[in-house]
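So the chains spell out like this:
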Amino acid sequence: MSKKKKDIDGSAKARKHTVNVIIHVILAILAFIWVLPIFWVILTSFRAEKGSYVTTFFPKGYTLDNYIKLFTDTSILNFPRMFKNTFVIAIFTCIISTIFVLSVSYCMSRMRFKMRKAYMNIAMVLGLFPSFMSMVAVYYILKALNLSEGSMIPIALIIVFSAGSGVNFYVAKGFFDTIPKSLDEAAIIDGATRWQTFTRITIPLSKPIIVYTILTSFMAPWLDFIFAKVICRADSRYFTVSMGLWRMLDKEYINNWYTCFAAGAVLISVPIAILFLCTQKFYVEGMSGAVKG
Amino acid sequence: MKKKADAKKKKGKEFQTPYTVTNAVKEGDVFTKISLLIMGFGNMAHKQIGKGLVFLAVELGYIWYMISSGFHALAMLPSLGWREQEKVWNDKKMIYEYTAGDQSQLLLLYGVATLFITFLFIIVWREAVKSSYKSEVLAKEGIHLNTFKEDFKSLFDQNLHKLLLAGPVMGILIFTILPLLYNISMAFTNYGKLNEHLILFDWVGLDNFKKVLNMGDSIGKQFYSVLGWTLIWAVLATVLNYIFGMILAIVINRKETKGKAFWRFCFVLSIAVPQFVSLLIMRTMLQPTGIVNSILERYGIINSALPFFTNAMWARVTVIVINLWVGIPYTLLQVTGILQNIPAELYEAAKIDGANAVQAFFKITLPYMLFVMTPYLITQFTGNVNNFNVIYLLSAGAPVQTGLTAGRTDLLVTWLYKLTVDFQYFNLGAVIGIMTFVVLAIVALVTYRNTASYKDEEGFM
Chain A
254 MSKKKKDIDG
264 SAKARKHTVN
274 VIIHVILAIL
284 AFIWVLPIFW
294 VILTSFRAEK
304 GSYVTTFFPK
314 GYTLDNYIKL
324 FTDTSILNFP
334 RMFKNTFVIA
344 IFTCIISTIF
354 VLSVSYCMSR
364 MRFKMRKAYM
374 NIAMVLGLFP
384 SFMSMVAVYY
394 ILKALNLSEG
404 SMIPIALIIV
414 FSAGSGVNFY
424 VAKGFFDTIP
434 KSLDEAAIID
444 GATRWQTFTR
454 ITIPLSKPII
464 VYTILTSFMA
474 PWLDFIFAKV
484 ICRADSRYFT
494 VSMGLWRMLD
504 KEYINNWYTC
514 FAAGAVLISV
524 PIAILFLCTQ
534 KFYVEGMSGA
544 VKG
Chain B
-11 MKKKADAKKK
-1 KGKEFQTPYT
9 VTNAVKEGDV
19 FTKISLLIMG
29 FGNMAHKQIG
39 KGLVFLAVEL
49 GYIWYMISSG
59 FHALAMLPSL
69 GWREQEKVWN
79 DKKMIYEYTA
89 GDQSQLLLLY
99 GVATLFITFL
109 FIIVWREAVK
119 SSYKSEVLAK
129 EGIHLNTFKE
139 DFKSLFDQNL
149 HKLLLAGPVM
159 GILIFTILPL
169 LYNISMAFTN
179 YGKLNEHLIL
189 FDWVGLDNFK
199 KVLNMGDSIG
209 KQFYSVLGWT
219 LIWAVLATVL
229 NYIFGMILAI
239 VINRKETKGK
249 AFWRFCFVLS
259 IAVPQFVSLL
269 IMRTMLQPTG
279 IVNSILERYG
289 IINSALPFFT
299 NAMWARVTVI
309 VINLWVGIPY
319 TLLQVTGILQ
329 NIPAELYEAA
339 KIDGANAVQA
349 FFKITLPYML
359 FVMTPYLITQ
369 FTGNVNNFNV
379 IYLLSAGAPV
389 QTGLTAGRTD
399 LLVTWLYKLT
409 VDFQYFNLGA
419 VIGIMTFVVL
429 AIVALVTYRN
439 TASYKDEEGF
449 M
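Taken in order, these protein sequences are the chains called A and B.
Each residue of the first sequence is one higher than the one before, starting from 254 at the first, in this note's numbering.
Each residue of the second sequence is one higher than the one before, starting from -11 at the first, in this note's numbering.
Simulated from the structure, these hints should not be mistaken for lab results.
Glycine included, every Cβ here is placed at the ideal spot set by N, Cα and C.
The reader is advised that the hints may include incorrect statements.
Claimed, not checked - Taking lysine-lysine and the DSBU-like style, the derived pairs with C-alpha atoms no more than 30 Å apart in a straight line are: (1) Lys434(A) with Lys351(B); (2) Lys150(B) with Lys460(A); (3) Lys248(B) with Lys269(A); (4) Lys118(B) with Lys21(B); (5) Lys246(B) with Lys266(A); (6) Lys21(B) with Lys150(B); (7) Lys118(B) with Lys370(A); (8) Lys150(B) with Lys434(A); (9) Lys248(B) with Lys367(A); (10) Lys367(A) with Lys246(B); (11) Lys269(A) with Lys351(B).
Said to hold, decoys possible - With beta-carbon atoms standing in for the labels, derived distance ranges: (12) Thr308(A) with Ala337(B): 55 to 63 Å; (13) Ile344(A) with Gln412(B): 32 to 40 Å; (14) Ala300(B) with Arg365(A): 49 to 57 Å; (15) Asn241(B) with Asn508(A): 43 to 51 Å; (16) Ile344(A) with Ala300(B): 42 to 50 Å.
Take the sequences, apply the hints, and build the full model.
Below, the structure is given as structure tokens:
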């Protein structure tokens, strides 16, 4: 009797063991698939042979020339300038958007006023339109404001990336909602103004969501290529990084620039990836609300 | 249900004041009545000089705008202009000179903007009348009226929302709502490359909508096929991402799985790489002469290149599979936290009752997750309907039948983009945008109303 039980235990254990092994193997295969394209672009960025189409996975020779060319060959596609443009645009976009998003979120979470519900409904309805449906209209409005030519293009892009950010308040509002209201009330009884409760109580308690907001708004100009394309048109002096990289894959450039594209892709992915992985905790917390009870 | 209605009534009353425009007209004194014409007059009469001057300045600004350009813009709105650009012989200079013709898209923009500004002005006007009436009533009752300084101070306290919302609302009004109205109005014109209506165009009423919705028309046929594929895509992309992402999260979260953090890192890494980078790389990898095909050919697995983006069926499966690569890590990130929140007792009780892992998944995990994450799923669905990046960067809508504007993998949004940017059919693009909105609005309304978490916020447990 006891021997039989031991057998069953043993076989169950063995079965469990095989299941475990199989699961780990599957996970390994999946992880491999997920990492493969990233690994491949890193390899390509160090590849010595030119051109976009190769027949071997691993390069035949390794070189740093692609990175060097990216920063020195500024005659056709001026990558350093694109990088500078995008950086400046991203900083301003980030400041304006963060202020807008936090302001709106605070009002929606803490203040009670007549237009509050209406504002939230309008924001939801606006969210249902394709985001770039009115890109042509935006272009004409910028043109009417004399912001569509020459050195005004960066300003136009900053406006485009940050002006509408007031509708993206849901995540931050959800976070503010989790901060106990009693803190505000106590401060107000002590004679604090609303402005003081906002800047001295809510903001210091909201680090995760502030980091999350700053990060997402800082990244937007690096990732967008739709509005940048419509607003920059052919004026390559004001290209952003994503437009430049997109350009490198055009038929006329791809043969000479494909490996440089990979190098550029790695260069902008690395900081974004590091930022993201460091703040992943904030990202998840921001979505679920950190300060509870 | 009745309780809800009561609550609603109460809410409406919360912000009610006796200081309305109707009351001001009926019961206001001379000063208030004058402020119907001269904004801010009532305020100034009751010593609120600063506030009154602000209202007056708004009115003068509006009048100046209307005289200098507003009336002209409104007058041109019905016709949208008719003068073509012409060559005129200038006898004095002995050259041909071009006379400036009308540019319909600018006239339309100015017209819509003027209507928009007028609408905003009416709102300010109502505020001014109410404010005058309020100052009159308060002055009569001998209650202290806020000075300009006190009004300014209140912006940092009980009126903080006015201060904080001013910037964001201006941004949304000028760069989101105004362009949207302008764009929607394009849907009712013949603005487009068709018959050379790029500079001068006219109102055509509902013609564009008839064209798009008409099965017999070429554009109409494309519309229904694109709409069908958009819905299939959105459902498959949302559901598959969710299910596979959840299974992956459960597998990684198992007690027996070793190196949880490492596995999570591998998958999350793909979020950290900008989407347009990873998708453009995938596209070059999957080209007929790309790395995937050439390696498969070299090892003799296939004889000719796999038609990843040249065969309609292949292209559709390819974009869905690659979207799994893009989307599963997001689901993983979202689900992991929620999975850990499911009370462990539920699983223990199920185990005692003799349920196996699969049963536990379908009876406990799935219902719980669906309950918590329905809003997330709806946003995912709308996000997928509007998923421009994945389609445009991967297949760009290919394969496209010659003579048509929409490809077999085109979504409504990518078609909209092509119609406006590549083909310059601005009017049709606007119609497609409106139709996308209609589809999303219907889906959002129906699902929100029918979800458990909407009906009963604490129903689960």
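Going down the list of hints, with the structure as the test:
Only pairs whose Cα atoms come within 30 Å are accepted, and Lys434(A) paired with Lys351(B) is rejected, the gap being roughly 37 Å. Restraint check: the Cα-Cα separation between Lys150(B) and Lys460(A) comes to about 25 Å, which is no more than 30 Å; the hinted pair holds. Distance restraint check for Lys248(B) and Lys269(A): the Cα-Cα separation of roughly 18 Å lies within the 30 Å cut-off, and the hinted pair is therefore satisfied. Distance restraint check for Lys118(B) and Lys21(B): the Cα-Cα separation of roughly 11 Å lies within the 30 Å cut-off, and the hinted pair is therefore satisfied.
This hinted pair checks out: Lys246(B) and Lys266(A) have alpha carbons roughly 17 Å apart, not beyond 30 Å. At most 30 Å may separate the alpha-carbon atoms for a hinted pair to count; Lys21(B) and Lys150(B) meet this at roughly 27 Å. At roughly 22 Å between alpha-carbon atoms, Lys118(B) and Lys370(A) fall within 30 Å of each other, so this suggested pair holds. Simply put, Lys150(B) and Lys434(A) have alpha-carbon atoms about 21 Å apart, close enough for the 30 Å limit, and the pair holds.
As the CA atoms of Lys248(B) and Lys367(A) are separated by approximately 49 Å, the hinted pair breaks the 30 Å bound. A threshold of 30 Å between alpha carbons decides the hint, and for Lys367(A) with Lys246(B) the separation of about 54 Å lies outside it, so the pair is violated. The straight-line distance between the Cα atoms of Lys269(A) and Lys351(B) is roughly 23 Å, inside the 30 Å bound, and the hint therefore holds. Under the hint 55 to 63 Å, the C-beta atoms of Thr308(A) and Ala337(B), about 58 Å apart, fit the expected range.
In this structure the supplied range 32 to 40 Å holds for Ile344(A) paired with Gln412(B), their Cβ-Cβ distance being about 35 Å. Range check, Ala300(B) to Arg365(A): Cβ separation about 54 Å, and the 49 to 57 Å hint holds. Checked against the hint of 43 to 51 Å, the C-beta distance between Asn241(B) and Asn508(A) comes to roughly 47 Å, which is consistent with it. At roughly 44 Å, the beta carbons of Ile344(A) and Ala300(B) sit within the given window of 42 to 50 Å.
Comparing the model with each numbered hint stated earlier shows that hints 1, 9 and 10 do not hold.
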